[in-house]
Every structure is written in C-alpha cells, then in structure tokens.
Amino acid sequence: MDFYLGLLQIIGVHTLLGLSAYVVLLTGQVSMAQAGFYAIGAYVAAMCTAMFGFHILPAILVAGLVTAFVACIVGFPALRVKGLMLVVATLAFGEMVRMFFFNFTWRIERGGELVGPNGAEGFRAIRFFPENGWETGDVTVFIWCVVAVIMAVLWWVDNSRAGAVLRAVGHDETAAQSIGLNLTAIKVGAMTAGGMIAGMGGGIYAHTVTHIEHLVFGVLLATFAIAYPILGGLGSVFGTVIAVVFIQGFLVEGLRFMGEWRSILFGALIVLAMNFRPTGLLGERMPRLFKPRPSESKLEPKGAE
Amino acid sequence: MMLTLDNLSKHFGGVRAVDDVSLALKEGEIFGLIGPNGSGKSTTVNLITGLYTPTSGTVSLNGRDLTAMPQHARTSQGVARTFQNIRLFGNLTVAQNLWVAQNGHEQRRQHFVSRWFRPGGEHSGDIEELLTFSRLASKRDVLASNLSFGEMRRLEMARALASNPRVLLLDEPAAGASLDDAELLAERIRAVRDRGVTVLLIEHMMELVMGITDRIAVLNFGRKIAEGTPAQVQDHPEVRAAYLGGGHDEKMEKASA
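Which chain is which? The protein sequence lines are P and V, in order.
Reading the first sequence from the start, the letters are residues 1 to 305 in the numbering used here.
Reading the second sequence from the start, the letters are residues 1001 to 1257 in the numbering used here.
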C-alpha cells in the first residue's frame, strides 16, 4: 500500500512540475529552467521548516513566492531569445541553480544538531512530516489537495480571456502585438506563474523525500518537466496530468522490471508520440516553435516593403 | 487631421525604405497608399503600428504623438491593422480570435479581474455583433485554422475592428482575391468606413483602389511621388513612369501616343 501511496506522491509533485512548464509553454516558450525553479522551491521550503520551524503551508507559500520572484527576473532576458536559443539559455540557468546549491552551505543549530543545506552533501533531515506525525496517507492527501487547487486555478485561467491570450501569444507574437497585447507583461507573467508552481512543487517534494541534493535537479528533471505538457498536449491541464501518470506510473515504475532498458523506451515513446500525436495526447494546440513560419521573412527588416 | 505622418523616414543600413514621407488622413475617409513592389508601403504601415521605430519623423493620431509608444499602447489609442499574409491565431476559435483582440481604450478601462479572468466573454454582445457584421456568426466556434481563405480574410479584419479602432490599416487585403472577391471587399471596406473608422488601404489591385478611395498617395523607392484624388493620381506622369518602368515623361508620351 505504501508503495502505491508513494507513487501517488511522486505523480502529485511531478504534476506540479509539469503544470509549471505547461503555463510557460502556452506562451510558446520552451523552458528548461523548471528544474531550477523546482530546486529553489525545494531548498527554500526545506529551510523554512527545518531551520526556522515554519508550518508546511506557509513554507510552501514562501517557496512559491521566492521562486516566482526569481522566475520573473529570468523572464526578462528570456524575452530576447526564442526556440532553441531559449532552450539553451534556460538550460544554462537550471545548471547555474544546481551548481549554486552544490556550493551552498548554511547550517544552524536546532534541537542539538546542525541543520541546513550542506553543499555537495545536500540538505538532510527535512523532517516536518514525521516530526508532526503525518502518515504517508495524510501526506498523499495533502499533496493532492494542493495539486487540485492549482489545477482548478489553471483550469479557470485557461477558460478565461487570459488563457486565450496566452495561446494567442504562443501562436503568433507579431499578430499578438498588433492587436494590442503587451508581450513583455504576458510572457514574463507566464514565466512568473510557472516559477511559482514549480517552486511549490519543489517545496512539497523536499518534504516527501526528507533529503535533497543538487544532483536530483539536473537536466533529466528539466526534460521530464517539459516532456509532460508536450506529450500531454496544450489542450487542457488534464493532458499534463495524464502524461505524468503515464510516464511516472507506467514507464518509470510499471516497467521497473526492465531495469535501465526502460530509459530507451522513454525516448522511443517520445519519438513515437511526436510522430503520431504531434499536438500531444489532448488537444490540437501546440506552439509552432520548430516549424518555420512561412510568413516570417516578410517582417524581417531586410529592405523596403 | 486624424492620422498624420510628418517627414517619416526609415533606413535599413543604406536602404532608405521610407524616405521623408508626410501624409495626413482626414477623419472618415478611405485613403489609398499605392506603389510598385519595394516602394515602402508595408514599412510605412509597420512604422505607424510601431513594429518598426522610425529613423526620423513622427507619427501622430488626433494630435497625439505616437512615435515613442510601444505597439500595445497604440492599439488603445485607436490604431489597428491587418497583415498582407494573414496572421490569425489558428489555435483559437473564431470568437476567441476576436476576444483576445479586445484591447481598445474603453475595453482597457474594465476591471482587471473581469477583463482577464471572467470566463465566457467570447459570447459577449460586442463579439456577436462583429461576427454578424463579418458574416462569420455560423463559424464562431470553429478553429480559425479551419476557415476558408475568404473567411480568414474577413476574420482578420474583424479582429482588427475588435478594439474599436479609429484608424484601420489594411495591408493588401485583396492579395490572392479575384475581381469578384474584390467587389465584395470594396463593399466591406465601405461598411467599415460607415462604422466611423478611417481606413488606410494599401493595395496593388488598381480596380479596388481607384474605385473606393477618396484620396491616394503614391510611393516609389520610399518617397512620396504623388498625392490626390484617384483621377489626379492616374494622370500623374511620375506615377505612370513608376508603374510602367519608364524613366521620364517623353517616353511615356510616346508609349501612350
């Protein structure tokens, strides 16, 4: 039973990670920075509870806000690059965050022992749940409550004008500007919201595993984050959830008997999915990032006309 | 004067795409901007909407200087446009395409929350009216990418009107259209003007431009070579030279004799 609850927890936090990438992807930005945001949230929330004795809820909220602030700052330079260049730039940011935590040591004495991030060794003893007598089941329910709230909010936004505007920007920035949309505000806003969600997910993640270290937040996690909405499609938030269940539940856990061979399957699945459902499992909508826009050249400042 | 361009220039490196052009549109007129390929028409539109920043000169609307304003601010001042090669949001429905474009002055004054986060606004009366006006009411929930070419053109014009602009810039709306289509288009452009919108029409199709515009300006190599009523412009020797590729008047006269 605990195995399945544990799996549900993993699916829950990864859903938050995937949704954070979903929001950003709606505006056409392929961000590999989500693992970095997740890491910031994890460390900040863990510091709040383990070092300063916060309750888990405010800790996650603080983690979300701090990460949102960082994501907002990342959002501005990200405006200047698109497509593959943005992938590279955000990847570099993610690695920068990871290396920061690799070097970051700040330990204070609490209850007779030293707690806090300890460089390469990571951050141990994030024991809010066991210390407060939360069983695995309680933790699972808590995680899914947070996931449900975030999903409900995103579902609402998706169906309001804001959601249509995000998709419009993702489809054609030049046209979006021409109808009076403020690209800076919208793209930076999406990055900020995505950062907040990733930070909250990371904050919960840190508490479910009780020990975090920089290695977890590498390129693989960033790839997973962006793979969820791509595989699930941008039609609605449920695509991302289905993709997380499929990848984490089936590919990673269900096929564990295959050992490391399943990584090959993961790659093969992405390739197949891109071929057969190029717009994701749910939904027609996908930013046309990797396809050349036939009309783009017209607006390049090449000459008259 | 409503839309005014004063000594507007745009240089791309050594190329003078728009060179010292001045125009003044009157409220409620249909103004044509014509010229051979590469004469700077589209660049002029991009300067008015703010896609490009001019090298020198100013753009102003009803006496307010727009030159330093970002694109989205110009929309709320009342500038809207369509593109030569249709640029719709193919991932949104027809109604949603109009919904996202409601960024006009009055619309911006709505409360932030109700403007951005109230679901169902794509069924508002304003949008319905515009859909009916554009003969797209039956297509309201169809993805824009699934429309026919003519419907896409109509939707793009409707999207430009969704912000209740004062001036509408139409960048070659008849590109790819037949003569019959052009007549319908002319009717539509007049209907837009009758809504109280001033129209700046950029077009290659002479039948369309000569038939519906009140005044015309002609560009060649980035410079304005003529301005006046359709009849005046048609008889202008420099204009005929520009279009027929001739160098000077004598050659033209021989050709027409």
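One thing to keep in mind: the hints can contain errors.
Listed next, the stretches of chain P that the computed footprint assigns to chain V, with coverage defined by at least 3 CB atoms under 8 Å from CB atoms of chain V [to be verified]:
hint : region
1    : 152–159
2    : 165–171
3    : 208–217
FYI, nobody ran anything at the bench for these hints, they're computed from the structure.
From the three backbone atoms N, C-alpha and C, an ideal C-beta is built for every residue, glycine too.
Right, here's what the structure says about each hint:
{"no.": "1", "hint": "152–159", "result": "holds (count 3)"}
{"no.": "2", "hint": "165–171", "result": "holds (count 5)"}
{"no.": "3", "hint": "208–217", "result": "violated (count 0)"}
Consistency note: the structure conflicts with earlier hint 3 alone.
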